[in-house]
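Please arrange chain Z on chain E, whose structure you already have, making use of the hints.
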Amino acid sequence: MIHSLFLINASGDIFLEKHWKSVVSRSVCDYFFEAQERATEPENVPPVIPTPHHYLISVLRHRIYFVAVIQSEVPPLFVIEFLHRVVDTFQDYFGVCTEAAIKDNVVVVYELLEEMLDNGFPLATESNILKELIKPPTILRTMVNTITGSTNVGEQLPTGQLSVVPWRRTGVKYTNNEAYFDVVEEIDAIIDKSGSTITAEIQGVIDACVKLTGMPDLTLSFMNPRLLDDVSFHPCVRFKRWEAERILSFIPPDGNFRLLSYHVSSQNLVAIPVYIKHNITFREGSSQGRFDLTLGPKQTMGKAVESVLVSSQLPRGVLNANLNPTQGTYTFDPVTKAGRTPAEVGSRSAGSDAPPARLAHTAREVERLKVNRLDMYGEKYKPFKGIKYMTKAGKFQRDDLVCITGVSTLTYETVTLEPSSIITFTSAGPN
Amino acid sequence: MKADAACLFILWKDGSKSNGRGQKAITASTTPVTENRQFGSKMTDSKYFTTTKKGEIFELKAELNSDKKEKKKEAVKKVIASMTVGKDVSALFPDVVNCMQTDNLELKKLVYLYLMNYAKSQPDMAIMAVNTFVKDCEDPNPLIRALAVRTMGCIRVDKITEYLCEPLRKCLKDEDPYVRKTAAVCVAKLHDINAQLVEDQGFLDTLKDLISDSNPMVVANAVAALSEIAESHPNSNLLDLNPQTINKLLTALNECTEWGQIFILDCLANYTPRDDRESQSICERVTPRLSHANSAVVLSAVKVLMKFMEMLPKDLDYYGTLLKKLAPPLVTLLSAEPELQYVALRNINLIVQRRPEILKHEMKVFFVKYNDPIYVKLEKLDIMIRLASQANIAQVLAELKEYATEVDVDFVRKAVRAIGRCAIKVEQSAERCVSTLLDLIQTKVNYVVQEAIVVIKDIFRKYPNKYESVIATLCENLDSLDEPEARAAMIWIVGEYAERIDNADELLESFLEGFHDESTQVQLQLLTAIVKLFLKKPTETQELVQQVLSLATQDSDNPDLRDRGYIYWRLLSTDPVAAKEVVLAEKPLISEETDLIEPTLLEELICHIGTLASVYHKPPSAFVEGSRGVQHKRLPGSTGSGESVESPDTGSAAGVSEAPPAVIPSQGDLLGDLLNLDLTPTTTGPPPPPASSGMQLGAMDLLGGGLDSLMGDESEPLGGDLGGGPAIGTGFGAPPATMPASFNVPVSGGLDDLFDLGGGVGMAMGAFNPPKTVWLPAMKAKGLEISGTFVRRAGVIQMEMTLTNKAMSVMTDFAIQFNRNSFGLAPAGPLQVLSPLSPNQSIEAVLPLSTVGPVMKMEPLNNLQVAVKNNIDVFYFSCQYPISMLFAEDGKMDRQVFLATWKDIPNDNESQFQIKDCHLNSDAASNKLQGSNIFTIAKRTVEGQDMLYQSMKLTNGIWVLAELRVQAGNPNYTISLKCRAPEVSQCVFQNYETVLKN
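Line by line, the protein sequences are chains E and Z. So the first sequence is residues 1 to 431, counted in the numbering used here. So the second sequence is residues 432 to 1429, counted in the numbering used here.
Chain E on its own, in the form it takes in the complex (with noise of 0.2 Å):
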């Protein structure tokens, strides 16, 4: 099981490290930096490195490696998603992941690590539970605690550890009492150069907000479940209701989780609302390039796609740019050129490079998941019930880049695309 946890920033220091078991030497992560040494960029770590005789899983998140240190044959996915929730434990508990928010409140984390893992066995990974152990720290707290002495250990033994809904506390109590489910949609998707889909598919999940007096039982029934092939649920659903009625049946953990994901791929299903058309040229023995973009929406049945934002990787070599764009604004951000070796480089600078584009946009045709209604039993009171539907910022990208050699970005923010319009974008160029 998890050995030893180490938390190292990007500048490679190791600033907090926990041992379940015995103690390993922090020499260990000396195979951790030869890896990172090696790898261009921060995000490029292999997560699973060996050393003679432990082995380094590590996950990166907010700047911060959290490196975990077996011994044994483990399952790395286990370990991986392991860290992942001390993670969003720590953002739950402190608001930001940060190195500094770490440090500022190291109790905590220590007194979190100790009781998510015991013997490096999952103990408690619940956030409610461990609510209920470690209380979140506040400012309010904090300068109480300062004054009295008193401290941010749960005077109560948590008792949702003994419930066979370890999800749920028991004795929760709302004068208002809420539900809130959020339906987020977002689309990845690949485009060719002739702006034709290769693939395309929605990631959406169902995140909920649920503030309910006592022990209610949800049923959440959807118009159109058919979509639901691929899904993933929060352990609160029963799943043999929904494969026999298709309806989510659960008892809801008290406050925000995640009650599903789910996964769409089929190409047919989603169309992409804009096109876009790009190009760039660089004068051969000239400094100067020229660079054109035509954005404009397509299929969209006379509805405005609203928000569009392209972020464009431009070319290592290229140090301004002026832009006349025909609607909107665009911003040039240098500072993210940085980090490739030059090396690489040099040869083929002079090929026709093209950027890649980002699109994000809120518009869309496909049919989307459509929640039939919310029922409540077990508890006498009447909530009041929220669903919102979104569509995110999905990952467009043009797959005619030819080489994304830098990354400085260019971003072009227009407010609304009417079905009309085209915009462009020409650079000054000599061309």
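A hint or two may mislead.
[To be verified] Calculated lysine-lysine pairs in the DSSO-like style (CA-CA distance at most 27 Å, straight line): (1) E:Lys380 / E:Lys240; (2) Z:Lys679 / Z:Lys756; (3) E:Lys21 / Z:Lys756; (4) E:Lys21 / Z:Lys551.
[Stated by the list, open to error] What follows is a set of in silico ranges between Cβ atoms, one per label pair, in the way DEER data are often shown: (5) E:Gly171 / Z:Lys502: 28 to 36 Å; (6) Z:Gln675 / E:Asn372: 41 to 49 Å; (7) Z:Arg708 / E:Lys380: 57 to 65 Å; (8) Z:Ser911 / E:Asn224: 53 to 61 Å; (9) Z:Glu858 / E:Ile247: 46 to 54 Å; (10) E:Arg373 / Z:Lys551: 57 to 65 Å; (11) E:Ile247 / Z:Arg892: 41 to 49 Å; (12) E:Asn372 / Z:Arg708: 37 to 45 Å; (13) Z:Asn625 / E:Arg373: 53 to 61 Å.
Hints listed in this document are in silico derivations from the structure and should not be mistaken for laboratory results. Computed from a predicted structure; not experimentally measured. Yeah, the Cβ is synthetic: ideal placement off N, Cα and C, and Gly gets one too.
The following block gives chain Z in isolation, referenced to the frame of chain E:
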């Protein structure tokens, strides 16, 4: 100062990032170190680490013993705070432990933390805490009981652990599931500290009982604890799975936490269902786990399903349903965090090799996104090629071409290589692939060009004489090649197509200039290419070939290069026509997928989906520490090619067929022996004589002669005319002189002749030769399987072997060596495996044996430990030979001598055996035995019972005398053996039995 709840193992360091990193020795749990200068804000935890005043220990002591609860608590907090900054507060041990008996939970926790920290350094004092633990374990509050038992396990002090057995035993049987579940983990902790104690106390059995617990969390934790313990006890059979326990596990699976589900699924995967119905019912109950939000649960469920699916009949409806259900969760794993994706992809790689049908329509999800980390990109590429087929090749190629213009060098290289692999895999796409590669070569990006040339070489090997038009383009880039692999590939191409390249000799000559600076790979390739060129264009390239041969044989330190040089030299000098046949022989086409995992390994890895083994694509035994003797898992009921062919049971008690082919553990002494021995690969033959100048001249002449023959009419048999001076002819042409003539046994047809000759020497029946058995399974020898047997033919002991290559790569350079053994058996000549062994090819090899090798008594007596070497590795196995191999042909004793000897040997040395169920009459038996050099000297019949007196002589001069009693109508024979060395009796008896029953 206000102390907060303890933060025990606090350490960090703000040291300089390059120098100080990791060098500082840390002893975290005993003396935590921290530096408080990072803490600027007063509101943060930094306040606990401010330095305390001197002499405070006394103050604290007083406070700890105070009557007021609040004061006590404050004092403990201060103690903990001091502890975390690395102060030694162990002197307060008794006082702190006194505070343990409190109903204040926070205080209790703090004291426990203190205990965990100091127990190891103060074991004597820690015993004082035992009473409190015992008491807490009986607290009415289950949470206190659980906390006590949990902390107990964290005190890694041997002395204390034994006192904790009783409370732990109680807790394991506690009425509250929360306590039982915590206690289960505690057993694993205790086992880590003192394994013997846990076994002696019977905790393992209690833990096994917990698998049947009514509470799913308890079951899950018991399984987890048992799995962890089982890892250090590979053969303990701790997790004894039967249908009842499986049922319990499946029930618990639905209700326990996500982590518990992982443990249970991993445990289920070790079970082998009895039949396909049980297999199906388990699959049905596991399938819902595929929809779990935790990807580790999903992958563990995939493992169980992949394994149990093997048992389902393919025509079953459910089988198809299951295949369909497996795809979506695997695709979903790819939308998770990159680290999860990586592990998932490594496993998907295995799954698509085993069952490509699952994901064959999901090619697009493996398309690379530009913001994927490089390790994900590389894995996706691999899977794309595995899934490439005629249906989707156009799309794949378009993608690959894009990738080849990316910026990351590793990724680009792999993409170019992938294009080549597509060409080899999907024949219809070969042309497009080649033109894509040509486009890429036009970019002139150095590493792209080099990589493209390497893969084009492979394409030539797959589709010879099809795409030679591109050679001109390749040659243009000759100068830019600086990597050995690319240079070697280019040289190979030039050599292979020398006749179509006008200036091939110039090209190769240009490489020759810096011959000694090249890497071995290039040198070897250059040597071969020039020889090819010479055979194709003998007139212009004579000088060149002599130059390269002398460079390779005289000026090189590399034995491989020298050997190859000598072989070419000799070939060219003795028989250029043969040389042409050998060097320019039609090459086998390369196989479609050269990078597939061997089937046996793949099967094992499928059983380990989701583990480190599956990430590294190595069997778990290969790398996980402490997993010695890990059981090799096999897929159930599979009839795949990986299954080793079981030899038919000979039904005899003889050692050869009974004893499983045990692979000899690499013992130090054996290895030492082997190291001293000369494992000469047979392909290279005996080391060449030092090239004297005279010989060299002769060789030149020979080449001249060869040249004539090459240029002459090839239809004429010229071989006889070849050769310069006779002296040189023998020098080069004679068979290897090191092999004694007596052992020069013909390998093939000649054997029968020998038999006929020997037939006159009273061989009424042929000797019994046991059938071949598998000595070395492919799984233990990286794909090399050896089955074999021993025979004695015309007085020569031979080891007949079938070598089968079940790996994906060609095997060469075979050699064999024996460990010292009871009768001094040793190879009398090198192992004759002349041609390289291609994948899936078998070769028969006959190894003559002598009995003059070093002697060491083995157990059993006829045990033989063998080491076989090939180009991949050295493998060890042991086999048993029938002792009749050692019975000499002159084993017939004179009657008088027999009588005298029989009397002479003390009766203590006589052993009697029964041979059951033998239906031969005494004459037939006598004949049969004579075939194995067991000679009947006299026969006597007493009251219907035939007494046969027999003698045999072992190669080492030991005589064995036998009396065989055969009663008509009674299938059971009685045999009495007398020998001065009674150890052999058992073996001889077994041999009798084997011979008589076959």
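**Message:** Tell me the numbers of any earlier hints that the structure contravenes, in ascending order.
**Reply:** Per hint list: 3, 7 and 11 violated.
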